[in-house]
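Trainee: Sequence:
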Amino acid sequence: MQTIIVFAAIIVFGLSVCLLVPLIVGVIGSDWAAVEGFALISVGLCLLSGGLIVALYSKIKRLRRGDMFLLSVCVWLALCLIGALPFIVLEGQPFVLALVESVSAATTLGVTPRPDQAITSAMGAYRGVLGWYGGFLTLSIIVYILAPFQVGGLPNRDLRFVLHGSTSGSPKLLRTLGEVAVPYATLTFTCFLLLLLQGVRPLTALLASFASLSTNGYLPTLSGGSIFNNSTAEITLIVFMLIGGTSIIWHKMIVNRRYDLLSEHRESMALIGLVCVTALLLFAAQAAIFGNDNHPTLLANFFDVTALMTTTGILHNEHVGSGVPLTLAWMLAIGGATTYSTAGGISLHRLGTMLEQSINQARQLVFPHAVLANIKIGGQSLDARNVKAVWSYFFLFILSLSVALLAFSALGYSFGDAFSLAVGSLNSIASLTVLGLNGDAEPSRQALILMTIFAFAGRVEILIIFAAIANLLRQ
Numbered sequence: 009m010q011t012i013i014v015f016a017a018i019i020v021f022g023l024s025v026c027l028l029v030p031l032i033v034g035v036i037g038s039d040w041a042a043v044e045g046f047a048l049i050s051v052g053l054c055l056l057s058g059g060l061i062v063a064l065y066s067k068i069k070r071l072r073r074g075d076m077f078l079l080s081v082c083v084w085l086a087l088c089l090i091g092a093l094p095f096i097v098l099e100g101q102p103f104v105l106a107l108v109e110s111v112s113a114a115t116t117l118g119v120t121p122r123p124d125q126a127i128t129s130a131m132g133a134y135r136g137v138l139g140w141y142g143g144f145l146t147l148s149i150i151v152y153i154l155a156p157f158q159v160g161g162l163p164n165r166d167l168r169f170v171l172h173g174s175t176s177g178s179p180k181l182l183r184t185l186g187e188v189a190v191p192y193a194t195l196t197f198t199c200f201l202l203l204l205l206q207g208v209r210p211l212t213a214l215l216a217s218f219a220s221l222s223t224n225g226y227l228p229t230l231s232g233g234s235i236f237n238n239s240t241a242e243i244t245l246i247v248f249m250l251i252g253g254t255s256i257i258w259h260k261m262i263v264n265r266r267y268d269l270l271s272e273h274r275e276s277m278a279l280i281g282l283v284c285v286t287a288l289l290l291f292a293a294q295a296a297i298f299g300n301d302n303h304p305t306l307l308a309n310f311f312d313v314t315a316l317m318t319t320t321g322i323l324h325n326e327h328v329g330s331g332v333p334l335t336l337a338w339m340l341a342i343g344g345a346t347t348y349s350t351a352g353g354i355s356l357h358r359l360g361t362m363l364e365q366s367i368n369q370a371r372q373l374v375f376p377h378a379v380l381a382n383i384k385i386g387g388q389s390l391d392a393r394n395v396k397a398v399w400s401y402f403f404l405f406i407l408s409l410s411v412a413l414l415a416f417s418a419l420g421y422s423f424g425d426a427f428s429l430a431v432g433s434l435n436s437i438a439s440l441t442v443l444g445l446n447g448d449a450e451p452s453r454q455a456l457i458l459m460t461i462f463a464f465a466g467r468v469e470i471l472i473i474f475a476a477i478a479n480l481l482r483q
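For the sequence shown, the numbering used here assigns the number 9 to the initial residue and increments by one for each residue that follows.
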């Protein structure tokens, strides 16, 4: 347990550093109440977490498999609970609503029940950076915990590009952390600079850069039209949303010029191809049905399809809404993007594995005595254990989706609103969640609590939660 406390303290220490972002925004905006609050919270968290790390670091032990899953749940709980402090201290929200805000931000859902006009610039920056930090935690846990154990059938063949040491005592641990943190922060800063150069307001550019790389749905805009009223900036955001939704291993292959391996890692290329094909077909269908002027532009379709498939959940135009039909939006959201990314959903790798296995089973029915080849995804053969893990993940995902649908329906939501809430919460998609909540004049506290529970479960992953509970019961 001491090892878990140390790692949770490290996460809290990182959060205390992230609080410098809203503090600087508060200084620029002369919001001295926010500056004072964030400074005190940051110093307090730094001292608390630093003291725990110094006191317990020498007692760190290597964790067993079950304890690693418990560690994953505990660090997420620590981030969400500590992340609620600024909402309580600076906005005066009750604990339950503050926890709703914190979980929504940390899990990259990005839904807030508070009106945009009531959110100060500093608190807006805090919501953005908390989601960005949650995205970084997501990638780190995938690399350190989920991938080595192949949770949910995650492929780990090329994990060496980002994982250089998996034990707490390894001197390569910081190098591995840097393999995730450096490109993540560099791409975020690059997106911020490009948006600034293209004339986007500084705070909006900051929130957009946080949202794109972490696939976070929190991006309020005061444009009155499209999200930026700037086609070049919107294309830039599309590109960085695709970067956020594609695999960090794929990025490493490109940076390290290992082009020979790209053909074996087709998931990220498949995502880009699916976005392009879906947006083009949708635009063609809209032009054929509605004529030349009464449908969204091609750019709007590309933006909305990208936001749905990467589970970012940002709308190109909040006043007009999405041009993607609701049923198609559900399908794109459930499918999700790629493994080793901050995106939610089932992932294209798992969908491809299930499709290949289903085709193999169909061939076995037609040719019962034939010897069929193993399932191959991206040139890699998958054994029966990997395939079973993928199907187990899919079964639990559908079961969780069904439970969420029943829970929201029990609160009186219609099927469409309840399903949008279920899909949006589990996959951390703000646009679908807000669409479902808007079915009610004022979202009830019960609906917000359910949204929080399912957003947390979807981000941490149901398999990990069950494994952590089983580990606690066994102890």
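Keep in mind that a hint or two might mislead.
Simulated restraints, written as ranges between beta carbons of each label pair [claimed, not checked]:
(1) 284 <-> 125: 36 to 42 Å
(2) 483 <-> 270: 24 to 30 Å
(3) 284 <-> 452: 38 to 44 Å
(4) 423 <-> 284: 44 to 50 Å
Calculated directly from the structure, the hints in this document are not laboratory data.
Being a predicted model, the structure only gives us computed values, none of them experimental.
Each residue gets a CB set at the ideal place from its N, CA and C atoms; glycine is no exception.
Trainee: Taking the hints in turn, state whether each one holds.
Mentor: Each hint tested on the structure:
1. 284 <-> 125: 36 to 42 Å: For residue 284 and residue 125 the Cβ distance comes to about 37 Å; the hint holds.
2. 483 <-> 270: 24 to 30 Å: violated, 44 Å
3. 284 <-> 452: 38 to 44 Å: About 40 Å separates the Cβ atoms of residue 284 and residue 452, which means 38 to 44 Å holds.
4. 423 <-> 284: 44 to 50 Å: At roughly 31 Å between Cβ atoms, residue 284 and residue 423 fall outside 44 to 50 Å, so the hint is violated.
Of the numbered hints stated above, those contradicted by the structure are hints 2 and 4, listed in ascending order.
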